[in-house]
Amino acid sequence: MMLLVESVFSRMSASPRFVRIRSLLLLCIAPVVLGAAQPEPRSTELLDRLLGVRDAILASGAPQDAAFITVWDFDGTILDGDCSEGLQRDGRTVYPGLAQLSIEDGLSALYSKNGGFAAFWRDYSLLDERIGHWIAYPYILQMLRGANADQVSRLAEDAFRTRYSPHYFASSVYIIRGLQSAGVEVQIISASAERFVRGAAATLDIDSERISGIRVIERAGLLTEELIYPVTWADGKRKRLEQILQARADAEPGKPIYVIGGFGNSYNTDGPFLAWIAKRSLPAGEPVVVMINGGPSPAAYSGLFTEVEQHALVAESAASSH
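If you read the sequence shown in my numbering, its first letter stands for residue 6, the second for the next number, and so on.
It is worth saying that the hints were derived from the structure and are not from the lab.
The reader is advised that the hints may include incorrect statements.
[Unchecked claim] Cross-link-like lysine-lysine pairs, in silico, PhoX-like; alpha carbons within 25 angstroms at most:
| no. | residue 1 | residue 2 |
| --- | --- | --- |
| 1 | K244 | K284 |
| 2 | K284 | K260 |
| 3 | K260 | K244 |
[As the list claims (entries may be wrong)] Simulated restraints, written as ranges between beta carbons of each label pair:
| no. | residue 1 | residue 2 | range |
| --- | --- | --- | --- |
| 4 | A123 | A289 | 26 to 34 angstroms |
| 5 | A64 | R97 | 24 to 32 angstroms |
| 6 | A114 | G308 | 47 to 55 angstroms |
Note that the Cβ used here is the ideal one computed from N, Cα and C, for glycine as well.
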């Protein structure tokens, strides 16, 4: 279905008068592409705004082969919940996270596959509460030191295919599909382990190389505990984005790259990279920067972001008892 839609869009002009037609077509086929739930109506407006900025930049004289990029957080922004920690709601497990699945698959040398997750969760929670996210988030990957890296990736890919993808936000997937169909690149920068979050690539039709997360040095195909910086949390996400853009500029010198939008769900974790995008100057229009379910804006970010709430999932009736 998406290949058909992309074929139709490829025949459409990039002029502004086609933006609304493109958005309406996506909204009409959304129930087929996304599953049971339709995206919230606000998502059509956001997609229109993003494509309008792209078209305004092209109309201002930018080269037709210019690159247009949007940058997304993952957990809580695309996925309802957290692929590393899992999702608990009303005292029940909606789905287990990849930290638990990795331990139960015998991939951790620190925690036994039989009952070790409880010990891990206690240690992880203490690190998070007493020291902070900056040490707790990397620990999820570091506790897998010695594990076969490809085995971790296969576990993640299977989890997204069989457990997590029904829990994607319908609105986020709708916007991502619309951007991809219009030739706008989607980059994901997550505070989850890169080996975890790249497992979502196939279910989102995104090149895994465009998904970044927390990384460690790998030797002979095995994970180590040695972090690769920046750690993609808070300002580390902004630094990673700058690395990505610099690498693209080095690979394609002279080709303009425009970051036209950003999406996150946490002022604490995503605020720095979203603010960086919001404050960038474009040849025409302004970046569309969205805070999803983030609550009241702190003073430091007042007026910078479009604040939205979204709750509809790709498959509302998806079983959560795998």
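Right, here's what the structure says about each hint:
Distance hint between K244 and K284 is fulfilled; the C-alpha atoms sit about 15 angstroms from each other, no more than 25 angstroms. Using a Cα cut-off of 25 angstroms, the hinted pair K284 and K260 holds, with the two alpha carbons roughly 21 angstroms apart. Distance hint between K260 and K244 is fulfilled; the C-alpha atoms sit about 21 angstroms from each other, no more than 25 angstroms. At roughly 55 angstroms, the beta-carbon separation of A123 and A289 lies outside the given 26 to 34 angstroms, and the hint is violated.
A hinted range of 24 to 32 angstroms for the beta carbons of A64 and R97 is inconsistent with their spacing of about 51 angstroms. Look at A114 against G308: about 48 angstroms separates their beta carbons, and that is inside 47 to 55 angstroms.
Checked against the numbered hints above, the structure violates hints 4 and 5; every other hint is satisfied.
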